[in-house]
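Produce the complete structure using the sequences and hints provided.
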Amino acid sequence: MEQIALTINDRQLSASSGMTILEVAKENSIDIPALCYRQELSPIGACRICVVEVERSETLVGSCHTPIAQGMVIHTHSKKVLQVRKTMVELLLASHCGNCFMCDKANICELRSIATDLEVGLPRFQVKKRYYPVEDASPFIVRDLTKCILCRRCVSACNEIKKEKVFGIAYRGFDSKVVVDFDQPIDKDVCRDCDVCISFCPTGALSKHGEIGEEKKGEPLIISG
Amino acid sequence: MNKINGEIYMQNKEQKELLVRLGEAQNKFGYLSEKVMIELAESLDMSISDVYGVATFYSFFSIRPQGRNIIRICKSVPCFLKNSQVIIETVEKEIGIKPGETTPNGKFSFHLTNCIGVCDKAPAMMINSEVYIDLTPNKISQILKAHK
Ligand code: SF4
Ligand code: SF4
Ligand code: FES
Ligand code: FES
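Sequences listed follow chains C and E, in order.
For the first sequence, the UniProt record's numbering assigns the number 1 to the initial residue and increments by one for each residue that follows.
For the second sequence, the UniProt record's numbering assigns the number 1 to the initial residue and increments by one for each residue that follows.
Watch out, some of these pointers could steer you wrong.
[Unchecked claim] Simulated pairs of lysine-lysine, DSS-like, Cα-Cα distance not exceeding 30 Å:
{"#": "1", "chain 1": "C", "residue 1": "129", "chain 2": "E", "residue 2": "98"}
{"#": "2", "chain 1": "C", "residue 1": "163", "chain 2": "E", "residue 2": "16"}
{"#": "3", "chain 1": "C", "residue 1": "188", "chain 2": "E", "residue 2": "16"}
{"#": "4", "chain 1": "E", "residue 1": "75", "chain 2": "C", "residue 2": "129"}
{"#": "5", "chain 1": "C", "residue 1": "86", "chain 2": "C", "residue 2": "177"}
{"#": "6", "chain 1": "C", "residue 1": "208", "chain 2": "C", "residue 2": "162"}
{"#": "7", "chain 1": "E", "residue 1": "16", "chain 2": "C", "residue 2": "177"}
{"#": "8", "chain 1": "E", "residue 1": "75", "chain 2": "C", "residue 2": "177"}
{"#": "9", "chain 1": "E", "residue 1": "98", "chain 2": "C", "residue 2": "177"}
{"#": "10", "chain 1": "E", "residue 1": "148", "chain 2": "E", "residue 2": "98"}
{"#": "11", "chain 1": "C", "residue 1": "188", "chain 2": "E", "residue 2": "13"}
{"#": "12", "chain 1": "E", "residue 1": "16", "chain 2": "E", "residue 2": "28"}
{"#": "13", "chain 1": "E", "residue 1": "75", "chain 2": "E", "residue 2": "148"}
{"#": "14", "chain 1": "C", "residue 1": "177", "chain 2": "E", "residue 2": "13"}
{"#": "15", "chain 1": "E", "residue 1": "28", "chain 2": "E", "residue 2": "107"}
{"#": "16", "chain 1": "E", "residue 1": "35", "chain 2": "C", "residue 2": "162"}
{"#": "17", "chain 1": "C", "residue 1": "129", "chain 2": "C", "residue 2": "208"}
{"#": "18", "chain 1": "E", "residue 1": "98", "chain 2": "C", "residue 2": "128"}
{"#": "19", "chain 1": "E", "residue 1": "75", "chain 2": "E", "residue 2": "139"}
{"#": "20", "chain 1": "C", "residue 1": "86", "chain 2": "C", "residue 2": "26"}
{"#": "21", "chain 1": "E", "residue 1": "16", "chain 2": "C", "residue 2": "162"}
{"#": "22", "chain 1": "C", "residue 1": "128", "chain 2": "E", "residue 2": "82"}
{"#": "23", "chain 1": "C", "residue 1": "165", "chain 2": "E", "residue 2": "28"}
{"#": "24", "chain 1": "C", "residue 1": "165", "chain 2": "C", "residue 2": "208"}
{"#": "25", "chain 1": "C", "residue 1": "165", "chain 2": "E", "residue 2": "13"}
{"#": "26", "chain 1": "E", "residue 1": "35", "chain 2": "C", "residue 2": "163"}
{"#": "27", "chain 1": "E", "residue 1": "121", "chain 2": "E", "residue 2": "148"}
{"#": "28", "chain 1": "C", "residue 1": "188", "chain 2": "C", "residue 2": "163"}
{"#": "29", "chain 1": "C", "residue 1": "177", "chain 2": "C", "residue 2": "129"}
{"#": "30", "chain 1": "E", "residue 1": "35", "chain 2": "C", "residue 2": "188"}
[As the list claims (entries may be wrong)] Label pairs and their computed distance ranges (CB to CB):
{"#": "31", "chain 1": "E", "residue 1": "139", "chain 2": "C", "residue 2": "59", "range": "40 to 46 Å"}
{"#": "32", "chain 1": "E", "residue 1": "134", "chain 2": "C", "residue 2": "124", "range": "37 to 43 Å"}
{"#": "33", "chain 1": "C", "residue 1": "95", "chain 2": "E", "residue 2": "129", "range": "32 to 38 Å"}
{"#": "34", "chain 1": "C", "residue 1": "5", "chain 2": "E", "residue 2": "133", "range": "52 to 58 Å"}
{"#": "35", "chain 1": "C", "residue 1": "208", "chain 2": "E", "residue 2": "145", "range": "57 to 63 Å"}
{"#": "36", "chain 1": "E", "residue 1": "43", "chain 2": "C", "residue 2": "139", "range": "29 to 35 Å"}
{"#": "37", "chain 1": "E", "residue 1": "121", "chain 2": "C", "residue 2": "17", "range": "46 to 52 Å"}
{"#": "38", "chain 1": "E", "residue 1": "13", "chain 2": "C", "residue 2": "80", "range": "34 to 40 Å"}
{"#": "39", "chain 1": "C", "residue 1": "5", "chain 2": "E", "residue 2": "99", "range": "51 to 57 Å"}
{"#": "40", "chain 1": "E", "residue 1": "89", "chain 2": "C", "residue 2": "11", "range": "58 to 64 Å"}
FYI, nobody ran anything at the bench for these hints, they're computed from the structure.
We treat Cβ as the ideally placed atom computed from N, Cα and C, and that holds for glycine.
Encoded structure:
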């Protein structure tokens, strides 16, 4: 496989062609936060938390889905990158239901964890929030889409790992939503003995029945800034 | 690695076929019933949620029966800057329904849509496949009267 020479944060590196910027960074212990990306899934590119600066590129690029190229010069933590990343998290938090104190997953939530690392503080934006009823008809899974950030991991995980196609994305813009069939509350037999999507959800949107309390045991995540 | 290109391409192929078939069904029946969507999902080996997702993404597909005439007013920014809000309100008053609704007599359905490509002649709307441009509140009642 062809070797590609590139620079990340002033370090000269070499990696195989076809790798993404994020993969190369990881291999070299450079930490780029990612929310929709998971190693086990093909890149989704929905959340924009993983953006980095590539010299001579007009815009920031998503590192989780951008393949490396010969001579690329990349900055993963420049001022511009950090500012954009922070704003992205703020926007996610702003339209998210926001009441982390009431959430059983508060201390193991990846969204909150990234918000903590980036010190985003209280969201500056007052935007419309999405509220949906909790779906608990299925004995195997509870969905609370008010907490969903539309990262699409559950869609991909069910598809690529479980090899089922329970979820799809419907509507558009602000109304976008992860739906089951004709936008019905989730209640599928294939979910028996499967927590694949639950284990991939970065927020408290997907959980099992009766988990209450169990997961509040993590270290408290306090968002300063 | 490299699965990026492969898989996205596969999806596009399925979805292109789906778009064509949804368009045909929409033209034939005037809307996309659950029955039609289930049939399409089966014949294209897709999930119902994916078919429903595409059907609800495009504003020119409807998943509910529509009135005889479909009014679509553009809600994108150029039309907005040319006061599309007033046009929307005028139509609401004339036919007595809000966007997303159908008149009880089945004469009109009314929707807001994204840019219809005539921004230089904003504000604009469509009734069925006919485009109306440079709208003012005065023009509306006349245009509506021409539809039975
Ligand atoms: S529980 Fe398993 S089968 Fe059910 S939606 Fe989640 S991943 Fe798919
Ligand atoms: S339910 Fe969870 S995994 Fe699925 S899109 Fe929402 S936040 Fe992501
Ligand atoms: S992690 Fe790259 S876009 Fe979400
Ligand atoms: S913005 Fe209304 S037609 Fe383009």
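Outcome of the hint check:
{"no.": "1", "hint": "129(C) x 98(E)", "verdict": "holds, 22 Å"}
{"no.": "2", "hint": "163(C) x 16(E)", "verdict": "holds, 22 Å"}
{"no.": "3", "hint": "188(C) x 16(E)", "verdict": "holds, 28 Å"}
{"no.": "4", "hint": "75(E) x 129(C)", "verdict": "holds, 21 Å"}
{"no.": "5", "hint": "86(C) x 177(C)", "verdict": "holds, 24 Å"}
{"no.": "6", "hint": "208(C) x 162(C)", "verdict": "holds, 17 Å"}
{"no.": "7", "hint": "16(E) x 177(C)", "verdict": "holds, 21 Å"}
{"no.": "8", "hint": "75(E) x 177(C)", "verdict": "holds, 21 Å"}
{"no.": "9", "hint": "98(E) x 177(C)", "verdict": "holds, 23 Å"}
{"no.": "10", "hint": "148(E) x 98(E)", "verdict": "holds, 19 Å"}
{"no.": "11", "hint": "188(C) x 13(E)", "verdict": "holds, 28 Å"}
{"no.": "12", "hint": "16(E) x 28(E)", "verdict": "holds, 19 Å"}
{"no.": "13", "hint": "75(E) x 148(E)", "verdict": "holds, 25 Å"}
{"no.": "14", "hint": "177(C) x 13(E)", "verdict": "holds, 23 Å"}
{"no.": "15", "hint": "28(E) x 107(E)", "verdict": "holds, 18 Å"}
{"no.": "16", "hint": "35(E) x 162(C)", "verdict": "holds, 27 Å"}
{"no.": "17", "hint": "129(C) x 208(C)", "verdict": "holds, 24 Å"}
{"no.": "18", "hint": "98(E) x 128(C)", "verdict": "holds, 21 Å"}
{"no.": "19", "hint": "75(E) x 139(E)", "verdict": "holds, 18 Å"}
{"no.": "20", "hint": "86(C) x 26(C)", "verdict": "holds, 20 Å"}
{"no.": "21", "hint": "16(E) x 162(C)", "verdict": "holds, 25 Å"}
{"no.": "22", "hint": "128(C) x 82(E)", "verdict": "holds, 25 Å"}
{"no.": "23", "hint": "165(C) x 28(E)", "verdict": "holds, 28 Å"}
{"no.": "24", "hint": "165(C) x 208(C)", "verdict": "holds, 19 Å"}
{"no.": "25", "hint": "165(C) x 13(E)", "verdict": "holds, 17 Å"}
{"no.": "26", "hint": "35(E) x 163(C)", "verdict": "holds, 25 Å"}
{"no.": "27", "hint": "121(E) x 148(E)", "verdict": "holds, 26 Å"}
{"no.": "28", "hint": "188(C) x 163(C)", "verdict": "holds, 14 Å"}
{"no.": "29", "hint": "177(C) x 129(C)", "verdict": "holds, 13 Å"}
{"no.": "30", "hint": "35(E) x 188(C)", "verdict": "holds, 20 Å"}
{"no.": "31", "hint": "139(E) x 59(C): 40 to 46 Å", "verdict": "holds, 41 Å"}
{"no.": "32", "hint": "134(E) x 124(C): 37 to 43 Å", "verdict": "holds, 40 Å"}
{"no.": "33", "hint": "95(C) x 129(E): 32 to 38 Å", "verdict": "holds, 36 Å"}
{"no.": "34", "hint": "5(C) x 133(E): 52 to 58 Å", "verdict": "holds, 55 Å"}
{"no.": "35", "hint": "208(C) x 145(E): 57 to 63 Å", "verdict": "holds, 59 Å"}
{"no.": "36", "hint": "43(E) x 139(C): 29 to 35 Å", "verdict": "holds, 32 Å"}
{"no.": "37", "hint": "121(E) x 17(C): 46 to 52 Å", "verdict": "holds, 49 Å"}
{"no.": "38", "hint": "13(E) x 80(C): 34 to 40 Å", "verdict": "holds, 37 Å"}
{"no.": "39", "hint": "5(C) x 99(E): 51 to 57 Å", "verdict": "holds, 55 Å"}
{"no.": "40", "hint": "89(E) x 11(C): 58 to 64 Å", "verdict": "holds, 59 Å"}
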